[in-house]
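Chains as they are written, first to last, in the working numbering: chain A, 1 to 211; chain W, 1 to 165.
Do not take every clue at face value.
Here are some chain W residues the structure puts well away from chain A; computed CB gaps all over 10 Å [unchecked claim]:
1) 87
2) 152
3) 157
4) 159
Below, in silico cross-link-like pairs of lysine to aspartate or glutamate (DMTMM-like), each with a Cα-Cα straight-line distance of 20 Å or less [claimed, not checked]:
5) 184(A) x 141(W)
6) 44(W) x 130(A)
7) 105(A) x 99(W)
8) 51(A) x 87(W)
9) 51(A) x 112(W)
10) 184(A) x 136(W)
11) 51(A) x 125(A)
12) 184(A) x 112(W)
13) 142(W) x 149(A)
14) 51(A) x 136(W)
15) 184(A) x 87(W)
16) 137(W) x 149(A)
17) 44(W) x 188(A)
18) 101(W) x 149(A)
19) 73(A) x 62(A)
Read the hints as simulated data drawn from the structure, not as lab findings.
Yeah, the Cβ is synthetic: ideal placement off N, Cα and C, and Gly gets one too.
For reference, the chains in residue letters:
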Amino acid sequence: MLSVALALLAQAVPADAPEVIADEALAAEALSEAVSVEAAPEPAPALLLPKTTPLTIVIDAELGSKISAAGQKFPIRLARPVEVDGVEALPAGISGEGEVVHAKKAGLAGAAGELVLAARYLEHDGRRIELRSFRFFDAGDETLSKGQDNTGVSNVTTALAGPIGFLIGGGNTNVLPGTLASAKTRNDETFERPAQGIPAGQPLSNGEEMP
Amino acid sequence: MKKLLTAAVLAAASPLVLSVAAPAAMAEDKADAQLEIPAPPPGKGQVLFYRTGGLSGAALGCAVFDVGAEDKLSSLGAGKYFVLVSDPGPRSFTVKSLETKDALTLEIEEGETQFVRCKIKTGFMSGRADIAPSTEKEFREKHKNPKMVDAEDMSEAVRQTNYPG
Chain A
1 MLSVALALLA QAVPADAPEV IADEALAAEA LSEAVSVEAA PEPAPALLLP
51 KTTPLTIVID AELGSKISAA GQKFPIRLAR PVEVDGVEAL PAGISGEGEV
101 VHAKKAGLAG AAGELVLAAR YLEHDGRRIE LRSFRFFDAG DETLSKGQDN
151 TGVSNVTTAL AGPIGFLIGG GNTNVLPGTL ASAKTRNDET FERPAQGIPA
201 GQPLSNGEEM P
Chain W
1 MKKLLTAAVL AAASPLVLSV AAPAAMAEDK ADAQLEIPAP PPGKGQVLFY
51 RTGGLSGAAL GCAVFDVGAE DKLSSLGAGK YFVLVSDPGP RSFTVKSLET
101 KDALTLEIEE GETQFVRCKI KTGFMSGRAD IAPSTEKEFR EKHKNPKMVD
151 AEDMSEAVRQ TNYPG
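Please take these sequences and the hints and turn them into a complete structure.
Below, the structure written as structure tokens:
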């Protein structure tokens, strides 16, 4: 009787063994998947360059109240890199375009020449970063948006010496290539954060450089 | 002889009158030196037009128009200013006088204030109004005693900005 029972038990164990092994394999597979999910790096949050971020730009053309006309486009480039959270979002040297909004040459009676410019955009990685709020860096009372204003001299001369004061002219304003100016970003701009461990500017394995 | 005496008395008294009036003027200067320019409403930009005082062309107004418009935005007398609230973007202005007119185009930016100065320059028969881009620094330095243009010299839109309520 006992031998019969042992024989039955011996037959039963091999029949259950494959199921146990299969369950263990599934569990191991599930565990490895879970581990691999945990190990995968989370996508880094994008870099946000908020609108109205100040930039320093360089004007790469000669402009002036006498030689420029409204609507004329001119090249600009970024003078200094722009960083977000210590990461370079816009490198120095990227180029773009500005536009002459208003130009009027100096006139009689001491009228100064006038020049109003706008920064339109910079191009980076095939996209346009729109700009606004162009300003010259004024040095003291000097501003490149106006030439020498001789209106007062003209008026005094007219009062003292008659119409000859009308013939006194004003000065024109000239902007030389390399002139620095300020502008701001028009919109919020997002950029992909470079992968950790590869500093910006270092070549990638395929020979390209990180932006 | 009586008239001569009266004139002499008035001439002698004028420095006294000026010295009595001076503290009031100084107080006004001090108050005006603290002129605060309100920020433009959200989504808008603004332009502050001003004209400094002085004898030159004092009798002439400097009427500011949008280019192509028949109704003036406002008219600047000597020593006056007004603020124009505007949508962002390029906008052209003109000033007209008997002999000629002058125009200026600005790029109005959201949330920012720009400055425009009007001057009366010499003309053949009468003064000529001239507008030019300016800066807040120039406005503060050269316009020591700024006064708002009278409400009746403004268009309805400009009046609502400068004389709210």
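Comparing the hints with the structure gives:
1. 87: holds, 14 Å
2. 152: The claim stands: residue 152(W) keeps its Cβ more than 10 Å from every Cβ of chain A (closest is about 28 Å).
3. 157: holds, 23 Å
4. 159: Correct as stated: the minimum Cβ-Cβ distance to chain A is 27 Å, above 10 Å.
5. 184(A) x 141(W): violated, 27 Å
6. 44(W) x 130(A): Holds: residue 44(W) and residue 130(A) sit about 18 Å apart, inside 20 Å.
7. 105(A) x 99(W): Holds: residue 105(A) and residue 99(W) sit about 19 Å apart, inside 20 Å.
8. 51(A) x 87(W): holds, 18 Å
9. 51(A) x 112(W): holds, 14 Å
10. 184(A) x 136(W): holds, 19 Å
11. 51(A) x 125(A): Answer holds: residue 51(A) to residue 125(A) is near 19 Å, not above 20 Å.
12. 184(A) x 112(W): holds, 12 Å
13. 142(W) x 149(A): holds, 14 Å
14. 51(A) x 136(W): violated, 23 Å
15. 184(A) x 87(W): holds, 18 Å
16. 137(W) x 149(A): The hint holds at about 16 Å.
17. 44(W) x 188(A): holds, 18 Å
18. 101(W) x 149(A): The hint holds at about 18 Å.
19. 73(A) x 62(A): Measuring from Cα to Cα gives roughly 11 Å; hence the hint holds.
The earlier numbered hints that this structure contradicts are 5, 14.
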